[in-house]
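Engineer: Protein chains in written order, with the working numbering: chain A, 1 to 85; chain B, 1 to 545.
Keep in mind the hints are simulated off the structure, nothing from the lab. Where hints are given, some of them may not hold.
[What the hints assert, rightly or not] Estimated spans, in silico, between C-beta atoms of each pair:
| # | chain 1 | residue 1 | chain 2 | residue 2 | range |
| --- | --- | --- | --- | --- | --- |
| 1 | B | Asp519 | A | Ile13 | 16 to 26 Å |
| 2 | B | Ala528 | A | Trp69 | 16 to 26 Å |
| 3 | B | Val504 | A | Trp69 | 36 to 46 Å |
| 4 | A | Ser20 | B | Gly226 | 40 to 50 Å |
| 5 | B | Ala473 | A | Ile13 | 50 to 60 Å |
| 6 | B | Thr216 | A | Thr44 | 23 to 33 Å |
| 7 | B | Pro343 | A | Trp69 | 37 to 47 Å |
| 8 | B | Arg31 | A | Ala14 | 44 to 54 Å |
| 9 | B | Asp519 | A | Arg77 | 27 to 37 Å |
| 10 | B | Ser288 | A | Pro17 | 21 to 31 Å |
| 11 | A | Ala21 | B | Val175 | 53 to 63 Å |
| 12 | A | Thr44 | B | Ala322 | 42 to 52 Å |
| 13 | A | Thr44 | B | Thr462 | 37 to 47 Å |
All C-beta atoms, glycine included, are put in the ideal place defined by N, C-alpha and C.
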Amino acid sequence: MTQATNPPRRSVIAAHPLLSAGIAILIVADIFFALYTPIYSTLTPKLGDFPFFYWYLLIFMPVTSAALWLAMLLQKRLEDGGETR
Amino acid sequence: MSNVNATTFTIVLVLFLVVTGAGFAAARWRRPSNMMHLDEWGLGGRGFGTFVTWFLLGGDLYTAYTFIAVPALVFGSGSIGFYAVAYTILVYPIIFIFLPRLWSVSRVHGYITPADFIRGRYGSRGLALASAFTGILALMPYIALQLVGIQAVLTVMGVGASSTNTWLKDLPLFVAFLVLAIFTYVSGLRAPALIAFIKDTLIYLFVIVAVFYIPTRLGGWSHIFGIAQTHFASISPTTKKPIGTFLPTSKSVGSTQFDFASLALGSAVALFLYPHAITGTLAAKRRSVVKRNIISLPLYSVLLALIALFGYMAVADPTTAANVKKSGNAQLAVPYLFQHMFPSWFTGIAFAGIIIGALVPAAIMSIAAANLFTKNIYAEFFKPDATPELQTKMSRWVSLVVKLGALLFAIELPHTFSINLQLLGGVWILQLAPMLIGGLFTRWFHRWALLTGWLAGMVFGTLAAYNVSSPTASHWAASSDIEFGHSVYIGLSAVVLNLVIAVVLTLIMRAARVPEGTDETLPEQYTADPEQAPAPAPAAVGAAP
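For reference, chain A alone in the conformation it holds in the complex (with noise of 0.2 Å):
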């Protein structure tokens, strides 16, 4: 705790890079396929009788669930990795 933290934090990012770039890559793919909306702003392809477009918004809720806890994951094994703990 008396240490400056911005060297070790910033350490941890280094010691692990596929690690932080994994978190960092979850996180922007979620934030931009829900944003882009040209790629699912259309009709088909169908699943059962609910168009593209509305299909996509349904099942994008529990991939966004899954995609944040695997993100989860690996903060924590970033943080247990690092000299802080």
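Take the given structure of chain A and dock chain B to it, following the hints.
Structural biologist: Frame of chain A; chain B shown alone:
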């Protein structure tokens, strides 16, 4: 009261009484040794685990007004209403980035309101006042709209609708709010936390039943989507344009993909800047509780997506569509749909769900607004030596005043006024993003630059919203306007302006070496996870020079 269905009315009344009982009993739930502290009254003792927090935040974020207004927008304009669905997806990856940091730093320093954090981070009473003021301003119409949601249900039930006297007509609303006000006063945040269980259960129940049952009555989903697609493509006689859209269009103006995305992004960033959302978060026991909730709350959004689809069901059901048209109020779409589709006892359960769904967020919002007033205005500027007990007394009374104000709003003013104000509330609250979210990651921004950016965003957003007109309204017609040839959410363009000003002025202030103020937070406190709640603050809150 002649056309009131007795079964529906009785079920609503019984469920309301159950909730009232729970609201008062909540004071005994996890009873603290001393209720007269804002950590207890205002944050439920900061001790809620994952399960309770899930219900509390779910009940807090997905308000009754949402359940009425989102399908109403879908009913009226089609696919653009589904921005709310994209928005409740986007919220979670965005708050994953900053919310655990806000929890940690607030826990270490015992912050109760977002303005407490602003004050501690920037050492600026002015900036804290600006954020507290914005929060209260944005919450007032939001509380009023919870009442509008209750009114929509009561109107369809036929309760009081026949009377011409305003006060007699709104008597049921008055009673509902009086009960809400008293149990919030007594039990604080514990009341909505306990009632949220009942609310969420009822809403899950009626939404799932509705989603499987109603399509069987309306010829299946393909028929519902088919009717909606034809309906929104047809030309409106007043505007000579299509009534709405079935998919966001790729044009540059109108219900476009860009407008859809900007509304979704702006609303998603705004949601956890609202003080009531932060109150629900800070009541969590541990940092991991906040994270687990960010992961599991998207499952609540599924409900909202299904509720948005009720708008299309209302379009596809000729009786409901005709009833709504006759009333001239799209907000009645869902209540009319339920009344027409369900047997009266189940309608009672659904209506009770919506009414109780209004009480939970209204209680949390009034607590959040009361805490902001007490901590960041009253104790900061008028009574620096206020003891925790005095602060709690003050907060309790302010929560009553806030609700009374909201009641007057809902009864005395036209509903369009409350709706416009709520639209503005979203624009306003978004202007806190640079100081609050920015401040969680960097101390680079200068306090005066943030204050100027905030002011610019508030003024620009308000004027831009005022200037939006439509064939049916000369002002406040929508939450989007046209910037650089594209339809875009006003809140988003205002916060971009805000941010640009904050960046430019920070560079200037730093070059001029204007004093930055003291930062009482330390970098490691943003990732800390203290097991024990902070010791109750001594009387000297805000007394520091």
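Engineer: So, for every hint listed, does it hold in this structure?
Structural biologist: Okay, the hints, checked on the actual structure:
A C-beta distance of roughly 23 Å is found between Asp519(B) and Ile13(A), which places it inside the suggested range of 16 to 26 Å. In this structure the supplied range 16 to 26 Å holds for Ala528(B) paired with Trp69(A), their Cβ-Cβ distance being about 23 Å. Judged by the Cβ atoms, the range 36 to 46 Å given for Val504(B) and Trp69(A) holds: they are separated by roughly 40 Å. Look at Ser20(A) against Gly226(B): about 48 Å separates their beta carbons, and that is inside 40 to 50 Å.
Between Ala473(B) and Ile13(A) the Cβ separation comes to about 51 Å, which falls inside the hinted range of 50 to 60 Å. The beta-carbon spacing between Thr216(B) and Thr44(A), approximately 25 Å, falls within the hinted interval of 23 to 33 Å. In this structure the supplied range 37 to 47 Å holds for Pro343(B) paired with Trp69(A), their Cβ-Cβ distance being about 40 Å. Taking the beta carbon of each, Arg31(B) and Ala14(A) are about 49 Å apart, inside 44 to 54 Å as hinted.
Evaluation of the 27 to 37 Å hint for Asp519(B) and Arg77(A) yields a pass: the beta carbon distance comes to about 31 Å. For the pair Ser288(B) and Pro17(A), the beta carbons lie near 25 Å from each other, so the given range of 21 to 31 Å is met. Checked against the hint of 53 to 63 Å, the pair Ala21(A) and Val175(B) passes, with Cβ atoms roughly 57 Å apart. Between Thr44(A) and Ala322(B), the C-beta spacing of about 32 Å breaks the proposed range 42 to 52 Å.
Roughly 42 Å separates the CB atoms of Thr44(A) and Thr462(B), a value that falls within the hinted 37 to 47 Å.
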